[in-house]
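J.: Sequence:
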Amino acid sequence: MENNNKDAESEKVEINDEEIREAKTEELKERKKKKNSNTTNMLSSPEILDENEKSKVDSMRALIQKEDPSFQEIDDLILRRFLRARNLDIEKATNMFLKYLRWRRSFVPNGSISSLEVTNEIAQNKFFIQGQDKKGRPIAVLFGGRHHQAKLDEFKRFAVFCLDKICSRMPRGQEKFVAIGDLQGYGYSNSDIRGYLAALSILQDCYPERLGKIFIVHAPYIFMAAWKIIYPLIDNNTKKKIMFVEDENLKSTLLTDIDESQLPVTYGGKLQLVPIQDC
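Using UniProt numbering, the first residue of the sequence shown is number 1, and each one after it goes up by one.
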């Protein structure tokens, strides 16, 4: 009788030990799963470069410093944007960045464009910033029907002024912005092919991988004549980010990317637009 009790107790202990081992195994699995999840989240962060990109950025930096000894230390993320714009081709990205450096030193010698340098463009009241989309990207709103051709150099300075402003509004970890190109009231007097091409060149060559998406709204038929000239000169990566929106689907389309609380009042949202010079 006594032996039977001992056997039962022994079996009970063995069972309990087995349960403990299983519980510990499950706990270790859960910890490993959480660790892997955290690692994945870190690697997917916009601020984290994967090993391939990091290696290419380092190679690119070395080439730039060799070509331009005066080159100052620049954030890895800036170099990565140029790499991505050239499909991770180190040589092409390096040449693109060196060209950008020369342009920036020449065109923006003081480091930034003052509002006093673009007073005529500001007076047209055509560029605004307000809110963020669901990915945290700041929103720019451009009114093409208010643009009138003037001095090309001032318009180019205005493009830089606006792009620098919108980039400065990006929260930590965000590298892109979203734009709404509103062509309400657009006519022949607003058509400025030279200006459009100059702004496109600055965006693509000097601010690569900054545009996340652009919604073109209220586009009249007359605009398509200018669009046929511009479209072939847009790079393929940028073309994928352009969306023409029909008037009847305007608000619903914008709401897929922008919460109503962040959408400008002009499009049925809650926020008032802020002129670029006041940002």
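Derived by calculation from the structure, the hints in this document are not laboratory data. There may be inaccurate statements among the hints.
As the list claims (entries may be wrong) - Here are the simulated DSS-like cross-link-like pairs (lysine-lysine), alpha carbons at most 25 Å apart as the crow flies: (1) Lys270 with Lys213; (2) Lys56 with Lys66; (3) Lys54 with Lys176; (4) Lys134 with Lys228; (5) Lys135 with Lys99; (6) Lys66 with Lys135; (7) Lys176 with Lys134; (8) Lys135 with Lys176; (9) Lys213 with Lys165; (10) Lys54 with Lys92; (11) Lys134 with Lys99; (12) Lys135 with Lys240; (13) Lys241 with Lys156; (14) Lys241 with Lys92; (15) Lys135 with Lys251; (16) Lys156 with Lys66; (17) Lys92 with Lys66; (18) Lys135 with Lys151; (19) Lys240 with Lys270; (20) Lys134 with Lys56; (21) Lys176 with Lys56; (22) Lys135 with Lys156; (23) Lys165 with Lys176; (24) Lys240 with Lys213; (25) Lys270 with Lys156; (26) Lys240 with Lys176; (27) Lys239 with Lys134; (28) Lys54 with Lys66; (29) Lys135 with Lys241; (30) Lys92 with Lys151; (31) Lys240 with Lys251.
Claimed, not checked - FRET-style restraints, in silico, Cβ to Cβ: (32) Arg102 with Thr256: 13 to 23 Å; (33) Gln272 with Leu233: 16 to 26 Å; (34) Asn249 with Lys92: 33 to 43 Å; (35) Asp68 with Gly268: 40 to 50 Å; (36) Asn249 with Arg102: 40 to 50 Å; (37) Lys135 with Lys66: 35 to 45 Å; (38) Leu116 with His148: 27 to 37 Å.
It should be emphasised that the depicted structure is a prediction, and the values quoted were computed from it without experimental measurement. By construction, the Cβ of each residue, glycine as well, lies at the ideal position given by its N, Cα and C atoms.
J.: Confirm or reject each hint.
T.: Status of the hints after comparison with the structure:
1. Lys270 with Lys213: Answer holds: Lys270 to Lys213 is near 21 Å, not above 25 Å.
2. Lys56 with Lys66: Between Lys56 and Lys66 the Cα gap is close to 15 Å, so the pair holds against 25 Å.
3. Lys54 with Lys176: holds, 20 Å
4. Lys134 with Lys228: violated, 31 Å
5. Lys135 with Lys99: Answer violated: Lys135 to Lys99 is near 31 Å, above 25 Å.
6. Lys66 with Lys135: With a Cα-Cα distance of about 38 Å, the restraint between Lys66 and Lys135 is violated, given a limit of 25 Å.
7. Lys176 with Lys134: This hinted pair holds, its Cα atoms lying about 12 Å apart.
8. Lys135 with Lys176: Within the cut-off at roughly 10 Å; holds.
9. Lys213 with Lys165: With a Cα-Cα distance of about 17 Å, the restraint between Lys213 and Lys165 holds, given a limit of 25 Å.
10. Lys54 with Lys92: Between Lys54 and Lys92 the Cα gap is close to 17 Å, so the pair holds against 25 Å.
11. Lys134 with Lys99: violated, 34 Å
12. Lys135 with Lys240: holds, 17 Å
13. Lys241 with Lys156: Given that 25 Å is the threshold and the Cα spacing comes to 22 Å, the pair holds.
14. Lys241 with Lys92: holds, 22 Å
15. Lys135 with Lys251: holds, 18 Å
16. Lys156 with Lys66: violated, 30 Å
17. Lys92 with Lys66: Given pair Lys92, Lys66 holds - Cα atoms ~15 Å apart, limit 25 Å.
18. Lys135 with Lys151: Violated, because 36 Å separates the two Cα atoms, which is more than 25 Å.
19. Lys240 with Lys270: violated, 28 Å
20. Lys134 with Lys56: violated, 31 Å
21. Lys176 with Lys56: holds, 21 Å
22. Lys135 with Lys156: violated, 29 Å
23. Lys165 with Lys176: It holds: about 12 Å lies between the C-alpha atoms, which stays within 25 Å.
24. Lys240 with Lys213: Measuring from Cα to Cα gives roughly 8 Å; hence the hint holds.
25. Lys270 with Lys156: violated, 32 Å
26. Lys240 with Lys176: holds, 14 Å
27. Lys239 with Lys134: Given pair Lys239, Lys134 holds - Cα atoms ~21 Å apart, limit 25 Å.
28. Lys54 with Lys66: Holds - the C-alpha atoms of Lys66 and Lys54 are around 18 Å apart, at most 25 Å.
29. Lys135 with Lys241: holds, 15 Å
30. Lys92 with Lys151: Roughly 32 Å separates the two Cα atoms, so the pair is violated.
31. Lys240 with Lys251: holds, 21 Å
32. Arg102 with Thr256: 13 to 23 Å: Given a distance of about 40 Å, which is not inside 13 to 23 Å, the answer is violated.
33. Gln272 with Leu233: 16 to 26 Å: This hint is violated: roughly 35 Å between Cβ atoms.
34. Asn249 with Lys92: 33 to 43 Å: Since the Cβ atoms of Asn249 and Lys92 sit about 38 Å apart, the hinted range of 33 to 43 Å holds.
35. Asp68 with Gly268: 40 to 50 Å: About 49 Å separates the Cβ atoms of Asp68 and Gly268, which means 40 to 50 Å holds.
36. Asn249 with Arg102: 40 to 50 Å: Hint holds: Cβ distance 44 Å, inside 40 to 50 Å.
37. Lys135 with Lys66: 35 to 45 Å: With Cβ atoms ~37 Å apart, the hint holds.
38. Leu116 with His148: 27 to 37 Å: Because 20 Å falls outside the window, the suggested range is violated.
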